[in-house]
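J.: Okay, here's what each chain looks like letter by letter:
4 protein chains.
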Amino acid sequence: MFSPSIDSRPAPALRTSCWFNTDEVLSLDSFKGRVVVLIAFQMLCPGCVAKSIPLALRLEQLFERSELAILGLHTVFEHHHVMTPDALEVFLAEYRIRFPVGVDLPDPAGADIPLTMQAYGMRGTPTLVLIDAEGRRRAQYFGAHDELALGAEIGALLAERDGAEGCTEGQCRIPA
Amino acid sequence: MFSPSIDSRPAPALRTSCWFNTDEVLSLDSFKGRVVVLIAFQMLCPGCVAKSIPLALRLEQLFERSELAILGLHTVFEHHHVMTPDALEVFLAEYRIRFPVGVDLPDPAGADIPLTMQAYGMRGTPTLVLIDAEGRRRAQYFGAHDELALGAEIGALLAERDGAEGCTEGQCRIPA
Amino acid sequence: MFSPSIDSRPAPALRTSCWFNTDEVLSLDSFKGRVVVLIAFQMLCPGCVAKSIPLALRLEQLFERSELAILGLHTVFEHHHVMTPDALEVFLAEYRIRFPVGVDLPDPAGADIPLTMQAYGMRGTPTLVLIDAEGRRRAQYFGAHDELALGAEIGALLAERDGAEGCTEGQCRIPA
Amino acid sequence: MFSPSIDSRPAPALRTSCWFNTDEVLSLDSFKGRVVVLIAFQMLCPGCVAKSIPLALRLEQLFERSELAILGLHTVFEHHHVMTPDALEVFLAEYRIRFPVGVDLPDPAGADIPLTMQAYGMRGTPTLVLIDAEGRRRAQYFGAHDELALGAEIGALLAERDGAEGCTEGQCRIPA
Chain A
1 MFSPSIDSRP APALRTSCWF NTDEVLSLDS FKGRVVVLIA FQMLCPGCVA KSIPLALRLE
61 QLFERSELAI LGLHTVFEHH HVMTPDALEV FLAEYRIRFP VGVDLPDPAG ADIPLTMQAY
121 GMRGTPTLVL IDAEGRRRAQ YFGAHDELAL GAEIGALLAE RDGAEGCTEG QCRIPA
Chain B
1 MFSPSIDSRP APALRTSCWF NTDEVLSLDS FKGRVVVLIA FQMLCPGCVA KSIPLALRLE
61 QLFERSELAI LGLHTVFEHH HVMTPDALEV FLAEYRIRFP VGVDLPDPAG ADIPLTMQAY
121 GMRGTPTLVL IDAEGRRRAQ YFGAHDELAL GAEIGALLAE RDGAEGCTEG QCRIPA
Chain C
1 MFSPSIDSRP APALRTSCWF NTDEVLSLDS FKGRVVVLIA FQMLCPGCVA KSIPLALRLE
61 QLFERSELAI LGLHTVFEHH HVMTPDALEV FLAEYRIRFP VGVDLPDPAG ADIPLTMQAY
121 GMRGTPTLVL IDAEGRRRAQ YFGAHDELAL GAEIGALLAE RDGAEGCTEG QCRIPA
Chain D
1 MFSPSIDSRP APALRTSCWF NTDEVLSLDS FKGRVVVLIA FQMLCPGCVA KSIPLALRLE
61 QLFERSELAI LGLHTVFEHH HVMTPDALEV FLAEYRIRFP VGVDLPDPAG ADIPLTMQAY
121 GMRGTPTLVL IDAEGRRRAQ YFGAHDELAL GAEIGALLAE RDGAEGCTEG QCRIPA
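Order-wise, the sequence lines are chains A, B, C and D.
So for the first sequence, the numbering used here puts the first residue at 1; every next one is plus one.
So for the second sequence, the numbering used here puts the first residue at 1; every next one is plus one.
So for the third sequence, the numbering used here puts the first residue at 1; every next one is plus one.
So for the fourth sequence, the numbering used here puts the first residue at 1; every next one is plus one.
Honestly, I wouldn't trust all of these hints.
One copy or any two copies: either way a pair holds, since identical chains are not told apart in the list.
Dumping the calculated SDA-like pairs for lysine to any residue here, alpha-carbon to alpha-carbon at most 20 Å [stated by the list, open to error]: (1) 32 <-> 162; (2) 32 <-> 94; (3) 32 <-> 136; (4) 51 <-> 94; (5) 32 <-> 110; (6) 51 <-> 100; (7) 32 <-> 66; (8) 32 <-> 64.
Read the hints as simulated data drawn from the structure, not as lab findings.
This is chain A alone, in the form it adopts within the complex (with noise of 0.2 Å):
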């Protein structure tokens, strides 16, 4: 499960043109002291439907948003004409997507890859990130990721953020 090509600067900035689901703009500076699962998709992207975004709503679900923090981040490569932010804004309606979601910063220089997606060197959608409290990318999937798998890494960032024994003075917790 271990991403060899993964090294510890911080994970590259994300680059949007606009958010959904927050009054604000987002950087990964506001969630230094937080596990942070980025999910890279396109609203019509049929893995990313099928896997990417059960996968967000569950991890929303099971994990406190003051631990873990899901961000989502449209990443549109193609079809750029009916991809737009308006649809962006139905598909995550429909979807009673919650969490906050960026549009991927199109490329001033034309370039049909947006730039948020260049700079993570990204080979499609659906991606996942993982990044850690610190803010350093810690991993990252193209395609579908096994939940056991994803959970365990999720896991052991959380117990990495929360120090390293969980237990004291008699009382254990496991630290997801």
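Use these hints to put chains B, C and D onto chain A, whose structure you have.
T.: Okay, now just chains B, C and D, sitting in the frame of chain A:
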């Protein structure tokens, strides 16, 4: 996901009449330093067959044996005359179960519930117990358990085992 | 499974503004002699995407086109500004839908519900309509529908189409 | 879906040592006029437990007993010492199986394969046999079988049983 009734004492000892898939009489002491998933089941329990056994097989594929040990425990508390060790042996072969499975020791006083099942206060089958690398029982679940949640708990226990900080000198890994 | 409100009159005509995956303007008359499964959907309806589209694709694989015709109908009754024919064209390509799909005709009087949807009295999307080889509407379901039950209904309509007796002179076949 | 090797002779007789969930010794003759789904299984066969038993239970829910009969046949061809009638009785209770289940007659000549299994030429378990209302074997499948396809075959046999035309005097019904 936190089980408030679980305390920090060592997990109760396994009391067994025989073992399959190992030549030894196993005890939890042999697993110190590893996280243990203990799966208590009955071979004719539909929920065990549909959920716990497939889960155990996937855990076995996903994690290194040196980090996570999977142990089965055949806790027969009904229909003892047909869920015999002979029948269990065929069951394990048919379901291609290769991890160690112990047979919970029948109560010499004649109670239906075998001794380890009594000691753990299990309410039925399937029951899943998480034991940390220090030998403490950290969680116990009766019935089916969400894979994402279970993954997170295992990941957290693995991270604890590996020590706090997953990033050192410019290299990071996710413990799980 | 029997739909008591369905009578023996011909199914209402399809009224459409355009078609995809065909060069013709299709009408139900062209399908006389074949059983028809009509799938009414909206491209941003989660239930349609999760259930109806995969079902339609499996029906297409399973049955001969000469026996069973699959028709899609894009019945947009909300968010008309983003579920345009342009967007539908991308959706059909992304989901690899190759059976004919018509766009239900917008109501010239300005009602949200398009004309075919009105004529069939559909309550929402997805809706599945079964039309027999004589062109009669035999069943109509709103929402997800059990595959075993749907299979049985289709098999019965195919058997009707093929005539009563599946065994002649020492040889039998199952019509479906 | 058509099984070319199936001919129009009556299905081989069921030869059984005992029955569960009925007080009678059942034969296929008792089911003339009804379509029969015969499920051959072994209680410790993983594919049977995961696929055939749930399928049989759903068929039982979906169809009227007066139209479609579900019969189980315990065709033990290995591990005879643990898949005994006593063990089967517990299995049927645990899995809440209420349709009649016969135990295939062991071969008096000592072969592993019991007599009905031999007569049907079954290749293993699970095997599903479709028998029409005239008592003819119309299809036989080894292994898991697609629900939509199976539904269509059952629907066709039910329509045959009910006679050709499902619409009379302005009223239509789907036979299944």
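J.: Does each hint hold? Answer for all of them.
T.: Status of the hints after comparison with the structure:
no.: 1; hint: 32 <-> 162; result: within (13 Å within a copy, 23 Å between copies)
no.: 2; hint: 32 <-> 94; result: neither (31 Å within a copy, 37 Å between copies)
no.: 3; hint: 32 <-> 136; result: within (10 Å within a copy, 32 Å between copies)
no.: 4; hint: 51 <-> 94; result: both (16 Å within a copy, 15 Å between copies)
no.: 5; hint: 32 <-> 110; result: neither (33 Å within a copy, 51 Å between copies)
no.: 6; hint: 51 <-> 100; result: within (18 Å within a copy, 27 Å between copies)
no.: 7; hint: 32 <-> 66; result: within (11 Å within a copy, 33 Å between copies)
no.: 8; hint: 32 <-> 64; result: within (15 Å within a copy, 31 Å between copies)
In summary, the numbered hints that this structure violates are 2 and 5.
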